[in-house]
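*Asks:* Using the sequences provided together with the hints, build the complete structure.
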Amino acid sequence: MREFNQDQVRPLVYETPMAMHAWSRELHSSGRTLALVPTMGALHEGHRSLLRVARESADAVIVSIFVNPAQFGPGDDYGRYPRSLDADLAICVQEGVEAIYAPSPEAVYAANHSTWVVEEVLARPMEGVYRSGHFRGVLTVVLKLFHVMEPDVAVFGEKDAQQALLIRRMVRDLDVPIEIRVAPTIRDDDGLALSSRNRFLNAEERRQAAALYGALKACRERWEAGEQDAGEIRAAGLKLLEPCSVMEVQYLEIVDLETLTLPLRQGHPVIMSGAVLAGGIRLIDNIIHPPGALAGRANQGATSS
Numbered sequence: 010m011r012e013f014n015q016d017q018v019r020p021l022v023y024e025t026p027m028a029m030h031a032w033s034r035e036l037h038s039s040g041r042t043l044a045l046v047p048t049m050g051a052l053h054e055g056h057r058s059l060l061r062v063a064r065e066s067a068d069a070v071i072v073s074i075f076v077n078p079a080q081f082g083p084g085d086d087y088g089r090y091p092r093s094l095d096a097d098l099a100i101c102v103q104e105g106v107e108a109i110y111a112p113s114p115e116a117v118y119a120a121n122h123s124t125w126v127v128e129e130v131l132a133r134p135m136e137g138v139y140r141s142g143h144f145r146g147v148l149t150v151v152l153k154l155f156h157v158m159e160p161d162v163a164v165f166g167e168k169d170a171q172q173a174l175l176i177r178r179m180v181r182d183l184d185v186p187i188e189i190r191v192a193p194t195i196r197d198d199d200g201l202a203l204s205s206r207n208r209f210l211n212a213e214e215r216r217q218a219a220a221l222y223g224a225l226k227a228c229r230e231r232w233e234a235g236e237q238d239a240g241e242i243r244a245a246g247l248k249l250l251e252p253c254s255v256m257e258v259q260y261l262e263i264v265d266l267e268t269l270t271l272p273l274r275q276g277h278p279v280i281m282s283g284a285v286l287a288g289g290i291r292l293i294d295n296i297i298h299p300p301g302a303l304a305g306r307a308n309q310g311a312t313s314s
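For the sequence shown, the working numbering assigns the number 10 to the initial residue and increments by one for each residue that follows.
If you are wondering where the hints come from, they were derived from the structure by calculation, not from laboratory data. Keep in mind that the hints are not guaranteed to be accurate.
Claimed, not checked - Straight-line alpha carbon distances no greater than 20 Å define the calculated SDA-like cross-link-like pairs of lysine to any residue that follow:
#	residue 1	residue 2
1	K226	R208
2	K248	P299
3	K226	A245
4	K226	R190
5	K248	T268
6	K248	Y260
7	K248	A302
8	K248	E236
9	K226	A302
10	K226	L183
11	K226	F209
12	K248	Q259
13	K226	R216
*Replies:* Okay, here's the thing in structure tokens:
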């Protein structure tokens, strides 16, 4: 355990599962509730919004800071992913976080680790097409975090909507007694969703990256106007991305929010989702329609008595 040296109230920082678990157990024994915000660090205003939702949801807030190697594939940016622990700790101090879990990869995964959490339906489309094994790594580490900290609530961002849906499905299917809350996406003035990877964009890439949100909005407008053909809706969004010379579109989809597939069902929530490479930097974004449909979905996990 180490402490961050600032004048304000300092969160405790734990680096091993046993120490973190002991702190959580002690907190629960006092009758207090705990909200977890899992992150990979490089915290920004989007993360602050998650911390504030967590603060409203429980008596104490804990943040995990762990760049999870298991969710990066060959050619991904694991080695380049930004790491800024001191700056992250400062944000946690400002937001009044009680504790931080910042383990090493060796503390999370044994040398011969061979057990994984695999979801076989929602993990297949969209991100699953382009990042094989990604969600296996995500679900495994999230379940490990849940076991170590035993939070009452965990907060995720709507920007990673497919991930949030998968975690809710895991919680439901494996009877994990945790409430999953999903907070709205935080955006810059031009609509670009905040992301730790945005710092790698040069000026032109940054300017063009905002077109992804514009394309998703164009899809939403066609859906709101009554268009039912997913191909026509996609085409409206893709047209706006055609002039973006530094961007490579991986996917732009509109699918049913519950199934992440077609057909679209009138009166049922949908998700417009896209992924692009801007100068080699991978960016994702989502729009949920109607707004709040993902955040407002009833948690499907087990409930504690």
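*Asks:* Would you mind marking each hint as holding or not holding in the structure?
*Replies:* Right, here's what the structure says about each hint:
1. Distance hint between K226 and R208 is unfulfilled; the C-alpha atoms sit about 24 Å from each other, more than 20 Å.
2. For the suggested pair K248 and P299, the alpha carbons sit about 23 Å apart, so the restraint of at most 20 Å is broken.
3. With a C-alpha separation of about 10 Å, the suggested pairing of K226 with A245 holds against the 20 Å cut-off.
4. Taking the CA atoms of K226 and R190, the gap is about 24 Å. The hint is violated against a cut of 20 Å.
5. With a C-alpha separation of about 26 Å, the suggested pairing of K248 with T268 is violated against the 20 Å cut-off.
6. Between the alpha carbons of K248 and Y260 the distance comes to roughly 13 Å, so the proposed pair stays at or under 20 Å and holds.
7. Of the pairs offered as hints, the one joining K248 and A302 is violated, with about 27 Å between alpha carbons and a cut-off of 20 Å exceeded.
8. At roughly 16 Å between alpha-carbon atoms, K248 and E236 fall within 20 Å of each other, so this suggested pair holds.
9. In summary, the hint linking K226 to A302 is supported, as the alpha carbons are separated by about 16 Å, within the 20 Å threshold.
10. This hinted pair does not check out: K226 and L183 have alpha carbons roughly 35 Å apart, beyond 20 Å.
11. Note on K226 and F209: the hinted pairing is violated, with a Cα-Cα distance of about 25 Å set against a maximum of 20 Å.
12. Straight-line distance between C-alpha atoms of K248 and Q259 comes to about 14 Å, which keeps the hinted pair within the 20 Å bound.
13. Distance restraint check for K226 and R216: the Cα-Cα separation of roughly 17 Å lies within the 20 Å cut-off, and the hinted pair is therefore satisfied.
This entry does not satisfy hints 1, 2, 4, 5, 7, 10, 11, going by the numbered hints stated previously.
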